[in-house]
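Asker: The lines below spell out each chain.
There are 6 protein chains.
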Amino acid sequence: MKDEFKRAQILLEAFPYIKEFHGRTVVIKYGGSAMTNPRAKEAFIQDVVLLKYVGMKPVIVHGGGPEINKLMSRLGMKPVFKNGLRVTDEATMEIVEMVLVGKLNKDIVTWINLHGGKSIGLCGKDAATLVAERETRYGDIGYVGKIVHVNTEVVDLLLDADYIPVIAPVAVGENGATYNVNADTAAAKIAENMKAEKLILLTDVDGVMKDGKLISLMNLEEAKNFIEEKVVEGGMIPKLQCAISALEAGVRSVHIINGGIEHALILEIFSDEGIGTMVVERR
Amino acid sequence: MKDEFKRAQILLEAFPYIKEFHGRTVVIKYGGSAMTNPRAKEAFIQDVVLLKYVGMKPVIVHGGGPEINKLMSRLGMKPVFKNGLRVTDEATMEIVEMVLVGKLNKDIVTWINLHGGKSIGLCGKDAATLVAERETRYGDIGYVGKIVHVNTEVVDLLLDADYIPVIAPVAVGENGATYNVNADTAAAKIAENMKAEKLILLTDVDGVMKDGKLISLMNLEEAKNFIEEKVVEGGMIPKLQCAISALEAGVRSVHIINGGIEHALILEIFSDEGIGTMVVERR
Amino acid sequence: MKDEFKRAQILLEAFPYIKEFHGRTVVIKYGGSAMTNPRAKEAFIQDVVLLKYVGMKPVIVHGGGPEINKLMSRLGMKPVFKNGLRVTDEATMEIVEMVLVGKLNKDIVTWINLHGGKSIGLCGKDAATLVAERETRYGDIGYVGKIVHVNTEVVDLLLDADYIPVIAPVAVGENGATYNVNADTAAAKIAENMKAEKLILLTDVDGVMKDGKLISLMNLEEAKNFIEEKVVEGGMIPKLQCAISALEAGVRSVHIINGGIEHALILEIFSDEGIGTMVVERR
Amino acid sequence: MKDEFKRAQILLEAFPYIKEFHGRTVVIKYGGSAMTNPRAKEAFIQDVVLLKYVGMKPVIVHGGGPEINKLMSRLGMKPVFKNGLRVTDEATMEIVEMVLVGKLNKDIVTWINLHGGKSIGLCGKDAATLVAERETRYGDIGYVGKIVHVNTEVVDLLLDADYIPVIAPVAVGENGATYNVNADTAAAKIAENMKAEKLILLTDVDGVMKDGKLISLMNLEEAKNFIEEKVVEGGMIPKLQCAISALEAGVRSVHIINGGIEHALILEIFSDEGIGTMVVERR
Amino acid sequence: MKDEFKRAQILLEAFPYIKEFHGRTVVIKYGGSAMTNPRAKEAFIQDVVLLKYVGMKPVIVHGGGPEINKLMSRLGMKPVFKNGLRVTDEATMEIVEMVLVGKLNKDIVTWINLHGGKSIGLCGKDAATLVAERETRYGDIGYVGKIVHVNTEVVDLLLDADYIPVIAPVAVGENGATYNVNADTAAAKIAENMKAEKLILLTDVDGVMKDGKLISLMNLEEAKNFIEEKVVEGGMIPKLQCAISALEAGVRSVHIINGGIEHALILEIFSDEGIGTMVVERR
Amino acid sequence: MKDEFKRAQILLEAFPYIKEFHGRTVVIKYGGSAMTNPRAKEAFIQDVVLLKYVGMKPVIVHGGGPEINKLMSRLGMKPVFKNGLRVTDEATMEIVEMVLVGKLNKDIVTWINLHGGKSIGLCGKDAATLVAERETRYGDIGYVGKIVHVNTEVVDLLLDADYIPVIAPVAVGENGATYNVNADTAAAKIAENMKAEKLILLTDVDGVMKDGKLISLMNLEEAKNFIEEKVVEGGMIPKLQCAISALEAGVRSVHIINGGIEHALILEIFSDEGIGTMVVERR
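These protein sequences, in sequence, are chains A, B, C, D, E and F.
Converting from the first sequence to our numbering requires adding 180 to each position, the first position being numbered 1.
Converting from the second sequence to our numbering requires adding 180 to each position, the first position being numbered 1.
Converting from the third sequence to our numbering requires adding 180 to each position, the first position being numbered 1.
Converting from the fourth sequence to our numbering requires adding 180 to each position, the first position being numbered 1.
Converting from the fifth sequence to our numbering requires adding 180 to each position, the first position being numbered 1.
Converting from the sixth sequence to our numbering requires adding 180 to each position, the first position being numbered 1.
There's no promise every hint is true.
You can't tell identical chains apart in this list, so a pair holds if it fits in one copy or across any two.
Said to hold, decoys possible - SDA-like, lysine to any residue: derived pairs with alpha carbons at most 25 Å apart:
1. Lys186 / Trp291
2. Lys221 / Val311
3. Lys298 / Asn399
4. Lys390 / Pro218
5. Lys326 / His295
6. Lys298 / Phe201
7. Lys262 / Gly392
8. Lys250 / Asp269
9. Lys199 / Gly353
10. Lys404 / Arg432
11. Lys221 / Gln189
12. Lys298 / Gly353
13. Lys298 / Asp269
14. Lys262 / Ser451
15. Lys250 / Gly322
16. Lys404 / Gly454
17. Lys390 / Ser451
18. Lys186 / Asp386
19. Lys221 / Gly356
20. Lys298 / Ala357
21. Lys404 / Gly256
Please keep in mind that the hints were generated in silico from the structure rather than gathered at the bench.
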């Protein structure tokens, strides 16, 4: 009987979070090893469906790196990066889109459906959800897009009908061109547009580190300082920038967590400490 | 980190039940030591609010024995029982109603509200939810009622608006008379009328016992046999009769559990084994 | 045939009032001899159901004085009053609540149902409709509450579903404590919160008197002057204060009438003169 | 004060009828002296608006005899009747329509609006509410129509939006032709189609008479016998036929009353005896 | 096959207009030879139903000149005009109303219904849609009305239920009097009140002419100048005044077209050039 | 002016079809040269958006042949066909899915959005819209699916919100496997499930031919005979089988038309003759 008691206890510990986030939208950037490691993937899918059933409204935005390179390599193409951005000519864009939209997106949808959710896969072209223009900050890098407009009408429609939307980070230009957009940024923009409760970025590190220690909780100002004072570097900089942008637009909290940890999502949402870094406006 | 993993694991173990019972009505007879023992009571209230938040629709029907006797004794009145039923003259009926409706009912409501639910207290007089006539099987025992009509219109209205209804087992006669009705029966009749998923009867024993062992799962026929063959006796007989009646009217499962065990409700609903006896039509 | 014509004539005289108050909320404080005199009581219930059927939305808030004292005396307790307020220790509060909520409230509900209405009984604890804190103006008088928050969500829900809500003046504290609140004040606060058309206070006198004559109509300023200049005294002062507060919060008219007159409600609402005192912002 | 009591008493006497007919549709054929006598007319309009405000759904179908003849005579045309039906050539039909639709119909609408109702005037051409074909029972009598189809979609729409529809007895043919239809029949057909609670025919006599005495209440079979045994004759025959047809189609009661009596409508509906003849399926 | 291609081509040319005006309200003043010439009339009715089916919301306001004079002459009455306005004594008003409401209005309704639309005929008296007072600018000219209030609640209700409302320019006074109002003005006022996309005035000339040439497109300022500089005269002045008033109240464009041209409506709406004059705020 | 008249004429000729098919669902299989020929493609997209704007509910199911082979060939894979079905091993299935879902589907969506529609791209995996099992009629041909279940819940949701759904013929197995399904069959099954008004199959031939002549209209029995008597052969056989299946399931008409003809869709729907073959249950 002891075990059973523990079970009840744990369910009740999760309860304050269930209550607090009931009916709230949670935008999750899904990528990295959480996508490639089969166990982490299955755990992630279970977590998403659980979130939905206990009353939250999860929206998934996914990435896709390795699969894209794999297909390019099979076709004898060579990925080129510039300032961490994939130089995307038309042929590359076609590959990117086919892999993201035609393979990974529907694969996630299928897994969610198999685990008891009702999921629909979209990309930014659907109902022109993500409209982009050419990103020119680093010169001509082709069909890399900068999101200029977000329209979540169809996402809202699907959420209200109890679907879990899964969105591939492919945007459309005013003239119909296809753009490759950064998945973290796409997730942040969608969260901003929907005034989401949470934006959760799954990465392959444990969160924001300082002096070798994980920062569990930080506020907007600290996030800005960390960038300015170069406490963080590399890929963590754009992630913190996403966090700052989202918080300033009204998202209540941004979480940077290690998607490689099984059930990272539940562990982060359903406990006080969490397992990664939570950034809020004020703490 | 180990503990955190266990937490996620347990949440996920609860998930199939959350999924299965999503949106379903669960009528719970609340009484006995679950009402008198403060820790069991708080645990019960927490469980009810949790059920609501993870998507079920709990309806509480409560009893009230000891409190009634206490007030009667303060007033110098002496409880009289006949065939296990309280002989209820007009003065006694007044006490019963004041205690059930004016004290216990609103007390449960307040506790639920304090724990994050939205609750409303009703009795069978409200919108004539429970209509009774005089119970005459055992001769004249006064204002003891036999339920002849159940009207859950207002209960449905409240559930649809996300309230947790708490119902005192006081019924109204066609002419406006007040009747004392058995709480188990009232819960069963309400469950039948609403085609509830579950009827859960909290008692002070662990469930149906046979040869000193708890029966975890039994079917309708076995329940009938247990009564006929006198495997069960005393208070368990009317409880099994309630179960039989409910199942025959379309309720999917009836649970007889020990309300004295903390979090009995969650332990019963969110595990395969459960902690008491589950009766189903067919197993 | 003459009588028949008179009948039509009278129905038509009532018509302008029916038209004017169609769809409007009328909060009625029910108490005094209208509750204790059986004929006045039956007439009152008929009036309430009639108001509902001709298109108004009555909400009843009731008092309960004599019944409370009766039960206290049976229990050997002695009512203590201070500045007109009942000193309410925990034991007294329990009695007050049992009588108001468990006896009088559901009795009114039953009568309304018997006369063709659909009624639900509530107290301030239900959905935390009335939240109070300790009244300390006159020192420690125990569980006497000052209403600090009114939430009529469930009242609105019930009105929209064509129920007649009956509310006992028992409030809940932030921590779950039970408070005894003044019924006139509770009615006024509810009327204010709902922006009611009318607040009607049933008393045992004919209305506001000046120089031995009934004042049929007065305005806000006159009401204030009457208090200041001590034209009124005793129990009429808090009633006029309720009227002032209600009018200032947007209630369109407040009526102080003699509930001992049979059908006082209809006589007041369905005629120009009325039978008591009507207070309006401006006349 | 005495008068005031009487007032309340009478309102309460009307109450059982208000309750019984709440939300029910009442189709009223308006014609005869109730239309020509200014006082009876004003009383009728008041009654209709009152019915609406106390919760019924009145639908008016009106006639128009004398006005039609007046205009015909001004134009030097001579009314011709055959078997009580107006022989209606094209020129006559034009006059009939202009008077009914362009004069009387909108006049009734205006009066209702002035008395506090919201009214819309229709004829059978609007949304093809009344579709007729040529009546040939008595040979060729021109544009006299037999109703073959009733479509009350727009009437329902207007009732649901709280309008009082006023319908002129002009029907449309499949090919767009205009037909003059009998107002009693049109009212009956509309009542049948809407499964109305009541069909009320205003005439210039007190009701169905037998041996010089008014029959207050009769059933379907008696109505049939009265026709067969020639207890009734002349214009009362088609009225009883309308009643029989309506009752057989599900209308709950048909009333034949003297529209010349002021407030005949209220007097009939709001009393047990009534002032005319009520025909029901079974008594 | 050639013809078929042309067909598709033309449908597609109409498409931008269908898209642009989807769901928009178009108020059309129908009068002149479009009403008297049978071919132009049938073409007009077809156009109106087509507009409805491709997604617009047409509202028709009609005139009626010649028919009124015809009936007056049959009755030996002589039309008198003053400043272009019909001097309207009570007898004349009766004729005007009977012809407009009782003949022309329902005739248009019938034609629309025969061509596949669902139409309802109204006048300004229905639900007091058009409230007028006596026009006194030119001295006493009797029941000629100046519109002082427009209430399109019932028009909106009918449009939402997919009906095509047809409105006769007869208004009601505060006291119930009947007023003859100008159809162009009535159409403009209704368009203004509904914030219509278009107001289309059918006339018997091709549009606004200057130096013998048709002006296809003009703006608000030009319209004002044309009046001031007397480029236009006679009946075109009040039409341009209607246009100016409508545009200033938020109507998006006003069209003055020759109703004698078959399918003038479609030709004007579904092409760039149009066939008459379009007035817009700015061009 | 002549041209303008013709335009109006043609719009009016289309009108009966617009009226007849208003609010009806039309499932269109889009494939062949209509997809590869840029002019035919643009014309098709225009037609689809036009259908939507004039009130129909188009649903697109597309094929994708040549693009699939192109990518396979770039990857050095060789298409293998057996009984006209693509032998689909896992690697081939991946290519098929990426091309259909990740390239062609979203390309169509983008074109529709650019032409003024609101479109969403789906495949059979989304919300498990198309569930298939392995097709084994011709031995093991890999991931070629036979549709066993169709669930159009999300398609209905999108249509009701005015979206144009575009569906790729990729189905999901019970266990999550991906299946390649025939686009004609998928379109037919969806049409059957939605009780569509029309199923339109775009092909590269003009329709069903007999003795070198196009059959414009045929009925169900003739379709069966044509197959049995081998009047048709090759790819036309499964198309006629789709037609038969759809008609038997309640689809009102099936059209087999040449998608290579520009605006084939409009030409077929908006004329009596049409340009291809229409199959109906009875003619």
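Asker: Determine for every hint whether it applies to the structure shown.
Answerer: Results of checking the hints against the structure:
no.: 1; hint: Lys186 / Trp291; result: between (30 Å within a copy, 23 Å between copies)
no.: 2; hint: Lys221 / Val311; result: between (29 Å within a copy, 23 Å between copies)
no.: 3; hint: Lys298 / Asn399; result: neither (35 Å within a copy, 33 Å between copies)
no.: 4; hint: Lys390 / Pro218; result: neither (30 Å within a copy, 46 Å between copies)
no.: 5; hint: Lys326 / His295; result: between (34 Å within a copy, 23 Å between copies)
no.: 6; hint: Lys298 / Phe201; result: both (20 Å within a copy, 16 Å between copies)
no.: 7; hint: Lys262 / Gly392; result: neither (29 Å within a copy, 61 Å between copies)
no.: 8; hint: Lys250 / Asp269; result: both (17 Å within a copy, 19 Å between copies)
no.: 9; hint: Lys199 / Gly353; result: between (40 Å within a copy, 22 Å between copies)
no.: 10; hint: Lys404 / Arg432; result: within (17 Å within a copy, 49 Å between copies)
no.: 11; hint: Lys221 / Gln189; result: between (27 Å within a copy, 15 Å between copies)
no.: 12; hint: Lys298 / Gly353; result: between (29 Å within a copy, 15 Å between copies)
no.: 13; hint: Lys298 / Asp269; result: neither (35 Å within a copy, 28 Å between copies)
no.: 14; hint: Lys262 / Ser451; result: neither (39 Å within a copy, 51 Å between copies)
no.: 15; hint: Lys250 / Gly322; result: both (20 Å within a copy, 24 Å between copies)
no.: 16; hint: Lys404 / Gly454; result: within (22 Å within a copy, 51 Å between copies)
no.: 17; hint: Lys390 / Ser451; result: within (22 Å within a copy, 42 Å between copies)
no.: 18; hint: Lys186 / Asp386; result: between (27 Å within a copy, 19 Å between copies)
no.: 19; hint: Lys221 / Gly356; result: between (33 Å within a copy, 15 Å between copies)
no.: 20; hint: Lys298 / Ala357; result: between (30 Å within a copy, 17 Å between copies)
no.: 21; hint: Lys404 / Gly256; result: neither (42 Å within a copy, 50 Å between copies)
Checked against the numbered hints given earlier, this structure breaks hints 3, 4, 7, 13, 14, 21; the rest are met.
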